[in-house]
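Protein chains: 2
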Amino acid sequence: MRLSRYFLPVLKEDPSEAQIVSHKLMLRAGMIRQQAAGIYAWLPLGLKVLRNIERIVREEQNRAGAIEVLMPTIQSADLWRESGRYDAYGPEMLRFLDRHEREMLYGPTNEEMITAIFRDNVRSYRDLPKNLYHIQWKFRDETRPRFGVMRGREFLMKDAYSFDLDAEAAKKSYDAMFVAYLRTFARLGMVAVPVRAPTGPIGGNLSHEFHILADTGESEVFYDAALEQIGLAEMEAATPGSAVVDRLQSIYAMEQEEHEKVTDCPVPADQLRKRRGIEVGHIFYFGTKYTQAMGCTVQGPDGQVLYPEMGSYGIGVSRLVGGIIEASHDASGIIWPDAVAPFQVGLINLRVDDAKCADAADELFARLNLAGIDTLYDDRDERGGAKFATMDLIGVPTHVTIGPKGLDKGVVEVKDRKTGAKEEMSVEALMNKLTARRA
Amino acid sequence: MRLSRYFLPVLKEDPSEAQIVSHKLMLRAGMIRQQAAGIYAWLPLGLKVLRNIERIVREEQNRAGAIEVLMPTIQSADLWRESGRYDAYGPEMLRFLDRHEREMLYGPTNEEMITAIFRDNVRSYRDLPKNLYHIQWKFRDETRPRFGVMRGREFLMKDAYSFDLDAEAAKKSYDAMFVAYLRTFARLGMVAVPVRAPTGPIGGNLSHEFHILADTGESEVFYDAALEQIGLAEMEAATPGSAVVDRLQSIYAMEQEEHEKVTDCPVPADQLRKRRGIEVGHIFYFGTKYTQAMGCTVQGPDGQVLYPEMGSYGIGVSRLVGGIIEASHDASGIIWPDAVAPFQVGLINLRVDDAKCADAADELFARLNLAGIDTLYDDRDERGGAKFATMDLIGVPTHVTIGPKGLDKGVVEVKDRKTGAKEEMSVEALMNKLTARRA
Chain A
57 MRLSRYFLPV LKEDPSEAQI VSHKLMLRAG MIRQQAAGIY AWLPLGLKVL RNIERIVREE
117 QNRAGAIEVL MPTIQSADLW RESGRYDAYG PEMLRFLDRH EREMLYGPTN EEMITAIFRD
177 NVRSYRDLPK NLYHIQWKFR DETRPRFGVM RGREFLMKDA YSFDLDAEAA KKSYDAMFVA
237 YLRTFARLGM VAVPVRAPTG PIGGNLSHEF HILADTGESE VFYDAALEQI GLAEMEAATP
297 GSAVVDRLQS IYAMEQEEHE KVTDCPVPAD QLRKRRGIEV GHIFYFGTKY TQAMGCTVQG
357 PDGQVLYPEM GSYGIGVSRL VGGIIEASHD ASGIIWPDAV APFQVGLINL RVDDAKCADA
417 ADELFARLNL AGIDTLYDDR DERGGAKFAT MDLIGVPTHV TIGPKGLDKG VVEVKDRKTG
477 AKEEMSVEAL MNKLTARRA
Chain B
57 MRLSRYFLPV LKEDPSEAQI VSHKLMLRAG MIRQQAAGIY AWLPLGLKVL RNIERIVREE
117 QNRAGAIEVL MPTIQSADLW RESGRYDAYG PEMLRFLDRH EREMLYGPTN EEMITAIFRD
177 NVRSYRDLPK NLYHIQWKFR DETRPRFGVM RGREFLMKDA YSFDLDAEAA KKSYDAMFVA
237 YLRTFARLGM VAVPVRAPTG PIGGNLSHEF HILADTGESE VFYDAALEQI GLAEMEAATP
297 GSAVVDRLQS IYAMEQEEHE KVTDCPVPAD QLRKRRGIEV GHIFYFGTKY TQAMGCTVQG
357 PDGQVLYPEM GSYGIGVSRL VGGIIEASHD ASGIIWPDAV APFQVGLINL RVDDAKCADA
417 ADELFARLNL AGIDTLYDDR DERGGAKFAT MDLIGVPTHV TIGPKGLDKG VVEVKDRKTG
477 AKEEMSVEAL MNKLTARRA
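These protein sequence lines map, in sequence, to chains A and B.
Count along the first sequence from 1, add 56, and you get the number used in the working numbering.
Count along the second sequence from 1, add 56, and you get the number used in the working numbering.
These are computed hints drawn from the structure, not numbers from a lab.
Incorrect hints may appear among the rest.
Identical chains share a label here; the pair holds if one copy fits it or two copies do between them.
[Claimed, not checked] Derived pair list, reagent style BS3-like, types lysine-lysine, alpha-carbon separation capped at 27 Å:
no.	residue 1	residue 2
1	Lys474	Lys104
2	Lys68	Lys186
3	Lys104	Lys465
4	Lys330	Lys317
5	Lys461	Lys317
6	Lys68	Lys104
7	Lys489	Lys317
8	Lys474	Lys330
9	Lys186	Lys104
10	Lys465	Lys68
Based on the sequences and whatever the hints tell you, model everything.
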């Protein structure tokens, strides 16, 4: 993409409306613009990152055997009366009447709807297990929306719902999602700690929250240092039944509030770590709560009537955009992990008025495109300093600068955004380096 | 995908709630389920088709130079007061108060929001032309939602908005979208007639509707038979400035209501064709209507203040799913064009209790997956007749049946869903045929 044709309204100053770094950087980097309190438009750069995260989340859900559906954003209040949650849910639920005065709501979650779909379309135990998920916009009418997409009102969430015949099978479905979450966050380049969570008002037996570690995180997480011995590569390679799942589920990790309730923490003080985290995923096994309330049954192998055991599994897709920035930035801007970066390469032509530079930059841009390397090409008539600052701000992993001095020597300058390390190399060497990394 | 693990709740009977064939078939084929009047959940098969259409729409928007953003579903009423449309818009607009009693609405369209985004982020004529689009769910509170996804309340739409410095440049942007629409519908396998449309309440100078021809269409379209000489291939290969654009814009084509207003139709009676159509796209050039009303200006080359000229360009993505079925079905079910088919191949094992058949089917399924041919594999313990009926109903383009008699001869049976033609061939010949088609 040529920057001259793109839509990237970067801001030079920190916007006053933003309190936390990810919100500031998303506004400055032209990723989002607020349209109403807690409601954002995603500009091209932000949308690319959102879609990259969504794609990885989807791939790992599919790999785990979950099947994608898409439920609507608007739901009928009647559905929520069946589960008893219509009255129980607070003012976070956005409720309204349609033109025929029917009570409707903007879905904050989909347990009721998926249970109704399952109830109306599945008859036999032979159709189990089943895990259905969707990636859809939700609305929670937060009283004080803040922190940009980290606590917005309209937000994109992946929610999956498993249906099993018995508790043992349900634990298998739970573990499959546990593995999918480990893999998902590791692929995103994030260390995510699975924290044993209270099951709370949703009820049920087993629950984990996944917190990515970031110094600016909203929560305080206490965990056994043994967790730190499990690397990203091991998490990314996890499979259902693999030892890493048992280890992670047995190692102590709690959010502050829960940790403080524990009277005799099994972890020796010198082994206990305390870090800040951001909750980006939450998985629940809650049994027959909804299937019983909503009369969702299947016929068992002996003709008996059974209530399927359910679990639900959420990932905050839009929240992750902010979460990753909180975990990965410096004073100059965002540092995207490769897997979610909006572009792989930022190509800077230092002198657009120099025909030799312009030709070389155009030619390299064409080669990068041909090689399938998504490149943002700064072909604007701007000062070099402004171009460098923009590439740093928006966090493209590799910057390639073409200038007259380098061309005379037959080299371009290649900078690693994360380390800041610069080296000069020929275009051939650059292409080899970039294509090798993808292989 | 193995059907035994999929979620495909087909119905044997025509559902009583459906009046038109696409609605009946989408329910019967397990593509959608109604959640409230005019509000549908997309089940896995329906979602795959929706995503295939969305992908083609997106590719042609990108090719035309439009840049993707994503605006939220919920908007502030204040925004619509700026354009004057808040009071003008009828009860189709879903309005509500949030928890702080602020007036909000579920966006039926996005002219106001995109104009505000443009106004707040673009300063100079050098940033023009620009065309921003998104593919997002909209809501129109139809008083009588019907015909399934053809006239739903919550629907998926692609809407693009162009900004240009003057009328001449705006016409170029309009033509670029005109071309993108020709290509999009042709790639979807549909004959779409561009009909000169009244500009109506939205105002402005130039507008076309695109109607796909279907005997069950809701509208009546009158056009010059000369249109029929322009084939799908020519439309798909259209480029801005190509002769086909001028020809299509100059050939007579009108919807009934407009046609009846024409006192001396230029088309001789024997040249005039009358067909039923379904509106699936609509493009408008409306000038400075919104930029003036909302104070959206850019600085011109001589420092003067200019109101950008705008156009808007919509495609009903979810509506197209129904529209394509209306145009392409028979008594047995849906006939998907290859480009949007949810699976390319339906693989039927006639005898799951026969180890030789099961092995051969498993092996072929593995080969098809390896070759990247998306296959639905009916591995269920069902009668052959039910399996054939399901594949016909859901409209997979190529059916491959494995049975004991064929295996003895070293062949499988290959059926073309559209023509019904069957032939026996070896697995090697089948693989060659399928991979050749993709090349």
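Homo-oligomer pair classification [Lys317, Lys489; C-alpha up to 27 Å]: Classified as neither; 52 Å inside a copy, 66 Å across copies.
Up to 27 Å CA-CA - Lys186 versus Lys68, copy category: Answer is between; shortest inter-copy Cα gap is 22 Å, intra-copy 50 Å.
Homo-oligomer pair classification [Lys330, Lys474; C-alpha up to 27 Å]: Within. Shortest intra-copy distance 26 Å satisfies the 27 Å Cα cut-off; inter-copy 63 Å does not.
Intra- versus inter-subunit Cα pairing at 27 Å for Lys465 with Lys68: Neither: 34 Å inside a chain and 73 Å across chains, both beyond 27 Å.
Within, between, both or neither, where Lys461 and Lys317 count as close if Cα-Cα is 27 Å or less: Classified as neither: same-chain Cα gap 64 Å, cross-chain 69 Å, threshold 27 Å.
Homo-oligomer pair classification [Lys104, Lys68; C-alpha up to 27 Å]: The answer is within: 22 Å in one copy meets 27 Å, while 42 Å across copies does not.
Status of Lys465 relative to Lys104 across identical chains (alpha carbons, at most 27 Å): neither (36 Å within a copy, 52 Å between copies)
Alpha-carbon proximity context of Lys186 and Lys104, limit 27 Å: For Lys186 and Lys104, only the inter-copy Cα distance (18 Å) is at most 27 Å; the intra-copy one is 31 Å.
Status of Lys104 relative to Lys474 across identical chains (alpha carbons, at most 27 Å): Close inside one copy (20 Å), not across copies (38 Å); limit 27 Å.
Homomeric proximity label, Lys330 with Lys317: Cα distance no greater than 27 Å: So Lys330 and Lys317 pass the 27 Å test inside one copy only (16 Å; across, 76 Å).
The structure does not agree with the numbered hints 3, 5, 7 and 10 stated previously, though it agrees with the rest.
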